[in-house]
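Use these hints to put chain B onto chain A, whose structure you have.
2 protein chains.
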Amino acid sequence: MGGDYAPENTVAGALEALRETRNRFSVILVGREDAINEVLRKHRTNGEVHSVVNASEVITFDDVPTAALKTKKQSSIVIGMTLHKEGKVDAFVSAGNTGAVLSASTLILGRIEGVRRPTIGAFLPSERGVCILLDAGANVDCRPQHLLEFAIMGSIYARQILRYEKPTVGLLNVGEEASKGGAQLQETFQLLSRSRLNFIGNVEGSDILRGKAQVVVCDGLVGNVVLKFGESVIGMLRERLIESAREGLLKKLRARFAYGALRTIMKDFDYQEYGGVPVLGVQGVCIIGHGVSTAKAVRNMILRAEEMVVQNINGQIRSALRPAA
Amino acid sequence: MGGDYAPENTVAGALEALRETRNRFSVILVGREDAINEVLRKHRTNGEVHSVVNASEVITFDDVPTAALKTKKQSSIVIGMTLHKEGKVDAFVSAGNTGAVLSASTLILGRIEGVRRPTIGAFLPSERGVCILLDAGANVDCRPQHLLEFAIMGSIYARQILRYEKPTVGLLNVGEEASKGGAQLQETFQLLSRSRLNFIGNVEGSDILRGKAQVVVCDGLVGNVVLKFGESVIGMLRERLIESAREGLLKKLRARFAYGALRTIMKDFDYQEYGGVPVLGVQGVCIIGHGVSTAKAVRNMILRAEEMVVQNINGQIRSALRPAA
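Protein chains in written order, with numbering that gives the first Met the number 0: chain A, 0 to 324; chain B, 0 to 324.
Any given hint could be a false lead.
For chains that are exact copies, the list does not tell them apart, and a pair is met inside one copy or across any two.
What the hints assert, rightly or not - Cross-link-like lysine-lysine pairs, in silico, DSBU-like; alpha carbons within 35 Å at most:
(1) K84 - K165
(2) K179 - K69
(3) K72 - K251
(4) K165 - K71
(5) K227 - K250
(6) K41 - K165
(7) K84 - K250
(8) K84 - K179
(9) K179 - K71
(10) K84 - K72
(11) K250 - K71
(12) K295 - K227
(13) K72 - K179
Simulated from the structure, these hints should not be mistaken for laboratory data.
Next up, chain A with everything else stripped away, as it sits in the complex (with noise of 0.2 Å):
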């Protein structure tokens, strides 16, 4: 039920995935059964291996996260991932409330063993391919040791999922040198450089898109911020050709190829490649689509998810982060 346009999209999503892979996996649609179902019936499904779990109530997007979860134990979030930690899915995507999918995750899946915090990764292009960002937004006030295990986390992740045999890391900071950014930065710093990981030292906001690191280490805060500040210039430059073209002939004309011209750039931008972003960290696997997810969004979170359970990420994080004996 999670997103503005479920279950439409959801199902959508869902069952191209299921059609695409030849039913590699099977599927269970979580929320409004008869909502689900009548969607279904338009869909005219064909073998797709799939049910359907009733949950009669819908956390939206203005509930307040934690308190949704214990109001709302009827609803698609708390079933679906309730689910998951009894070992009945191996594992949970949403495209609903951001704030009550990681709180689920985090209390009803737990942490992994040696995790501090769990985080979530957002994807962004550059010029040399794209990387995964880290925190993006689930942490504030990080302290040096949580953004180490962001580091290690995010580094699993770009080995396993984006192929990168030796992902590079880079510390998100105001400039290169190591003195660089207040105390907590200068040790984490130091922290990273003692790693075992592909540190190649602090980047800059300007770095991200060059492609200089494929994992970007940053306070939640940064993150949040810098990710949402870069989906809006997108979306204003797009706004401002809508505009331009509505001033007249050549103007529409001019607007209309430059539209054409940005659609292959802004292609690497779009959060539907991506499907969407993965919570690290948690006895489980779960990916967090954007509230306007589109099937295809939806399609490409379940078969990143399935990349996830099949890479054993979680396997992976444990041993690295498992706390000395």
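Here is chain B on its own, set in the frame of chain A:
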């Protein structure tokens, strides 16, 4: 001597400002006398009121700011700032090493009484006009009291220079609610709420370009990363259009059209329009320009500096932040 195109652009911008204002003020050009005079000769000056003060050393972009100020006493930054300190000029502008100019302004001019941390404000376009974001990178690890000071100084600048009657102030955070962010941000929210400022609450990364607040307050780490990232988004789009133009005649045509449309839009993102970023909270008027400053950017820096003097920004900061007797 500051900037990649000095003294050419610096001299050209200064002459332009003088011509346009019909010598409403005079300009002292500080730098290598022979180099400056050579550029002046090329320009065939015509009554512009300017003089030259020799500075034999140059602080480059590779120099470590505070160290360079000590070892290069004969640099244009140290000599120019000292002229300001001695009251021989009313303002100092430079497109040189940002860190060095900033340090020089604090060390040579000193802080205004009541200001704990001088700050740099940067300008961003928005749907409702330009907004000022501070801190843009001068201070990392800010405490709530520092952020409150930034808000006060930014509001004074927004009112006097940007001409907003009762400038709206927003605190950059991961969400709108007062409970968002860590302890520091929550405390800042309370301080701002109790102040006399026109505080509208938390703003998110996506709210900046929408113009939700005319003064956006944040830690220097967040501010610096957002600004550099934003610049790089625009830069990346530009580069890709150029690349795309190389792929054939049709694409070239399309890219040329697109570029025309984009140029209008990107004008708002053009640092030249704003000239440079003001240092607020020091006992003087100081503006720092972009390393690649054009003559137009230098001209705008000078005009903005004049306005800050005329509007007596510092007098207002002094009264607003005067410690209670």
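Evaluated hints:
In this homomeric assembly, K84 and K165 come within 35 Å of each other (Cα to Cα) only inside a single copy, at 32 Å, whereas the closest approach across copies is 52 Å. Taking the shortest alpha-carbon separations for K179 and K69, only the inter-copy value of 20 Å comes in at or below 35 Å, while the best intra-copy value is 43 Å. Neither within a single protomer nor between protomers do K72 and K251 lie at most 35 Å apart by alpha-carbon distance, with minima of 51 Å and 57 Å respectively. Taking the closest pair of Cα atoms, K165 and K71 never come within 35 Å of each other, the shortest separation being 43 Å inside a single copy and 43 Å across copies.
In this homomeric assembly, K227 and K250 come within 35 Å of each other (Cα to Cα) both inside a single copy, at 29 Å, and across copies, at 30 Å. In the homo-oligomer, the alpha carbons of K41 and K165 never lie at most 35 Å apart, since the shortest distance is 46 Å inside one protomer and 54 Å across protomers. With identical chains, the CA atoms of K84 and K250 are never at most 35 Å apart, being 56 Å at best within one copy and 52 Å at best between copies. Taking CA atoms no more than 35 Å apart as the test, K84 paired with K179 passes between copies only; the shortest distance there is 28 Å, against 42 Å inside one copy.
Proximity of K179 to K71 under the C-alpha cut-off of 35 Å is restricted to the inter-copy arrangement: shortest distance 22 Å between copies versus 46 Å within a copy. Only within a single protomer do K84 and K72 lie at most 35 Å apart by alpha-carbon distance; the minimum there is 15 Å, versus 67 Å between protomers. With identical chains, the CA atoms of K250 and K71 are never at most 35 Å apart, being 51 Å at best within one copy and 53 Å at best between copies. For the identical chains of this complex, K295 and K227 are neighbours both inside a copy (21 Å) and across copies (32 Å), given an alpha-carbon limit of 35 Å.
Taking the shortest alpha-carbon separations for K72 and K179, only the inter-copy value of 24 Å comes in at or below 35 Å, while the best intra-copy value is 47 Å.
Hint compliance for this structure: hints 3, 4, 6, 7, 11 are not met, and every other hint is.
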